[in-house]
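Asker: Residues per chain are reported as follows:
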Amino acid sequence: MTEPISETDARSALRSIERQRRSVIAEIDMPTWYWWGMALGWVGLGLVAELANAWISVAATVVFGAAHAAISQRILSGRHGSPQLSVRADVASRHIPALVIGFLLIMVVLTVAIALLADAVGASHPVTIASVVVAIAVLVGGPALMAAVRRRLARDVGA
Amino acid sequence: MSEAEPRFDELIHPSTRLSIVALLASADWMEFSFVRDRLELSDSALSKQFGTLEEAGYVMIERPVTNRRRRVRVRLTDSGRKAFDGHVAALRQVVATAESASATL
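Heads up: the protein sequence lines correspond to chains A and B, in order. All you need for the numbering used here is the position in the first sequence, starting with 1, plus 3. All you need for the numbering used here is the position in the second sequence, starting with 1, plus 10.
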């Protein structure tokens with residue numbers, strides 16, 4: 004059977020297809036407002052924990068967690084980072100939600116550790132200090148995590 | 011994507027259409043403006059390509075109104091996706107056939 008195109012043409016077409024797939028992978032992300040919301044919420048919870056009584060602090064944490072659960076269902080997949088497209092589920096990694104949640108859990112542990120450390124050295128507002136430090140880590144680390152996911156997915160294209 | 015029956019598709023293969031379909035294949039839907047900007051095509055050139063693909067039943071064009079703005083969204087149909095997957099399989103087959111031929115020399 005005669006092939007309809009040459010090997011060179013086929014390779015060139017496959018490279019073009021991979022390039023387009025990578026350009027869609029480049030759109031996998033969490034909205035910027037998500038990380039800002041998390042960072043502001045973190046600082047807010049830190050302030051509440053330090054300035055209000057324990058019940059208000061618990062209530063604020065529950066409200067924050069419920070709000071996060073409600074809004075994150077759609078965006079945690081990373082498929083809706085751009086309003087201009089919806090990335091297919093089989094293109095985005097199914098591990099993205101677990102990675103983001105894992106990252107946030109590490110941030111919780113980091114908050115407690117920094118607060119304890121700040122308290123041990125006699126800082127006047129240890130929880131607020133910890134929450135501000137971790138909020139900055141969320142703002143920097145969240146987008147960096149997504150960038151690492153995109154790099155990994157792009158590297159796997161055509162592999 | 012690689013498990014489809016190899017089937018070279020003359021309609022998809024021209025480079026511009028191949029790029030358009032390859033972009034759409036990685037998304038549930040895309041806005042017209044995203045495809046236009048990504049492939050650096052004019053509105054009219056892209057509309058013409060979409061017209062051809064829509065006529066073949068490969069894409070579906072939707073015009074939802076969100077936030078009082080009319081948007082144009084494009085998505086691959088099932089038959090468009092099947093044709094694209096078959097085309098990719100055919101391209102891979104061409105490469106594999108050439109590689110095995112050169113290996114036996």
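Note that these hints are calculated values from the structure, not bench results. Among the hints, erroneous ones may be present.
[As the list claims (entries may be wrong)] What follows is a set of in silico ranges between Cβ atoms, one per label pair, in the way DEER data are often shown: (1) B:D47 - A:A72: 31 to 41 Å; (2) A:V112 - B:P24: 19 to 29 Å; (3) B:S52 - A:V66: 29 to 39 Å; (4) B:T76 - A:W58: 40 to 50 Å.
Glycine is no exception: its CB is placed at the ideal position from the N, C-alpha and C atoms.
Asker: Each hint should be assessed against the structure and marked as holding or not.
Answerer: Against the structure, the hints:
1. B:D47 - A:A72: 31 to 41 Å: Roughly 35 Å apart at Cβ, these two residues keep to the hinted range, so it holds.
2. A:V112 - B:P24: 19 to 29 Å: 54 Å, violated
3. B:S52 - A:V66: 29 to 39 Å: Given a distance of about 50 Å, which is not inside 29 to 39 Å, the answer is violated.
4. B:T76 - A:W58: 40 to 50 Å: 41 Å, holds
Violated hints, listed in ascending order, are 2 and 3; each of the other numbered hints is respected by the structure.
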